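**Q** So you can see what is in the structure, the chains are spelled out below.
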Amino acid sequence: MGATVDGQQDADRRLLCLVAAGDESALEGLYVRHGPALLSYAEGLLADRHRAEETVQDTLLAVWRGAGSFQGRSTVRTWLFGICRRQALRRLGVHGGPVHVPIDAAVGLAADEPGPEAVTLARADARAVAVAMAGLPSIHREVLDLTFGAGLTRDEVAVVLDVPVGTVKSRLFHARAVLARALANDTDDGCAAAQRAAGQGGRR
Amino acid sequence: MRHPTEQLAEYVAGTLPAHDAAAVAAHLSQCVACRQEVAGWQHMAEGVRSRLAPAPAAVLVAVRRRLAASYAGGRAAGPPVYRAVPGARPVARAAGLLAHQWRLVGWRVWAVSAVVLVAGIVLAGWVSVPAQPVLAVVVPLAAALAVAGACGGDELPGELVRATPTSVRTVLLARLTLVLGAVFVAALIGSLVLSVAGAGGPGRLLAAWLGPMVLLSAVSFACSVAWRPAVGLSAALAVWVLRVLLASGSVDGAVGGAAEAMWRTSWPPLVVSAALVGGVLAIAPRLASSRIVRFGL
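Taken in order, these protein sequences are the chains called A and B.
Counted from 1, the first sequence has number 156 at position 156 by our numbering; the numbering is strictly sequential.
Counted from 1, the second sequence has number 88 at position 88 by our numbering; the numbering is strictly sequential.
Bear in mind the hints are in silico, worked out from the structure with no lab data behind them.
Given the structure is predicted, the values throughout are model-derived calculations rather than measurements.
Note that CB positions come from ideal geometry on N, CA and C, so glycine has one too.
Pair ranges (Cβ atoms, derived):
id : chain 1 : residue 1 : chain 2 : residue 2 : range
1  : A       : Gln9      : B       : Ala111    : 44 to 52 Å
2  : B       : Leu188    : A       : Arg90     : 39 to 47 Å
3  : A       : Cys17     : B       : Pro56     : 22 to 30 Å
4  : B       : Ser50     : A       : Val165    : 25 to 33 Å
5  : A       : Asp23     : B       : Ala94     : 36 to 44 Å
For lysine to any residue, the following SDA-like pairs were computed, each having C-alpha atoms within a straight-line distance of at most 20 Å:
id : chain 1 : residue 1 : chain 2 : residue 2
6  : A       : Lys169    : B       : Asp20
7  : A       : Lys169    : B       : Val24
8  : A       : Lys169    : B       : Pro4
Between the sequences and the hints, there should be enough to build the whole structure, so can you do that?
**A** Written out as structure tokens, the structure is:
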């Protein structure tokens, strides 16, 4: 698997070199490879598909202009997603300021033992998970998008978010806790509604 | 049993190194709890991936259009050059550069030098008539503090430095101009106020601190840029303490005469200062790149 990842990184780097030399089709190549994940990531941050597409346009233009200055200190995709994030935050009017984690999300942190959230999630219907995910705060959603959507390693995610690696780990677990809570609430609400409906039916 | 709980998300994402992934797989074959954990992450991964849609071509079309528009705007080939400072006219460029540096020099630098300067001027007005001796000691110190704080030890990320079209020399010179200009204006206002209050003629007051200020700032600037702010500050303080000792009469002899000749507004200190600043600016770009390499940025 490591070999595949390295191969992908090499391909990215080759494309970026071509972009630096002024090859537009190489820019297209990068877009084909990373466009879906970039769009979905930007949409998660901005909660708007149209603005997400504009953000990806800005990202590609920035890549076109800055390809020559890429120093290879990070991977190409880390660089791409970092640019995308800055462009998205710029659109939101946030200038790299700290993003706050709600306090209630800090409860139930990563333990060494498997936790009850996993049980909720493992039992949940995939569609319900996708729906609940749309309601996640962007701080949680972006770490999921980068990890599962973009397939970045934990170190790469840390570079994109400009946080320590340990923070990436804890945000992943936060995200899961919040998602599991949302799913559990949905289930409870469903039960309550069903009971209410049954009660009304009984009285009638 | 030690559970690889922290690695399971990466295992599901497929980003775990091969040997770690194998170890996790082996553990999963024996551990129901971790299998459940993996199922949970898997549902989350599916939730994320279900939103991945093929990238629309419209984005590329829009990018091509914007690129073509920027070419039509005057640049025939190659990526357009990023311009950090708006305005093509030299005066507007300089003003923009100084305004940028004004924001980049931290407020602490301004606060510390302002405190030293105000305290010195108040002291000069309070205790000494004429005020020259106090000003000759205080103003250079304020300037050296500000210069060391503003011009040394930039821990700017390397890629940022390289991506900026403004050269390291220009940036350093802009900061020096800005900081010295600010201290100069503040000290000038202070001197005029003292002069009005009867502490001596404005020309004499100015002459008392201008030469020493330039010299001490140059020492501070040279060492701050060549090494780091702490070195610049130490060097400036060493020169300053020497001068204070000489003025108090603790040291005498030939050294005293030579040092006193440097501590006034005359040619020798100005020439030495110009040589120091010029020399450091000449080697500044190489210093900047070696500093970046050293920090591994």
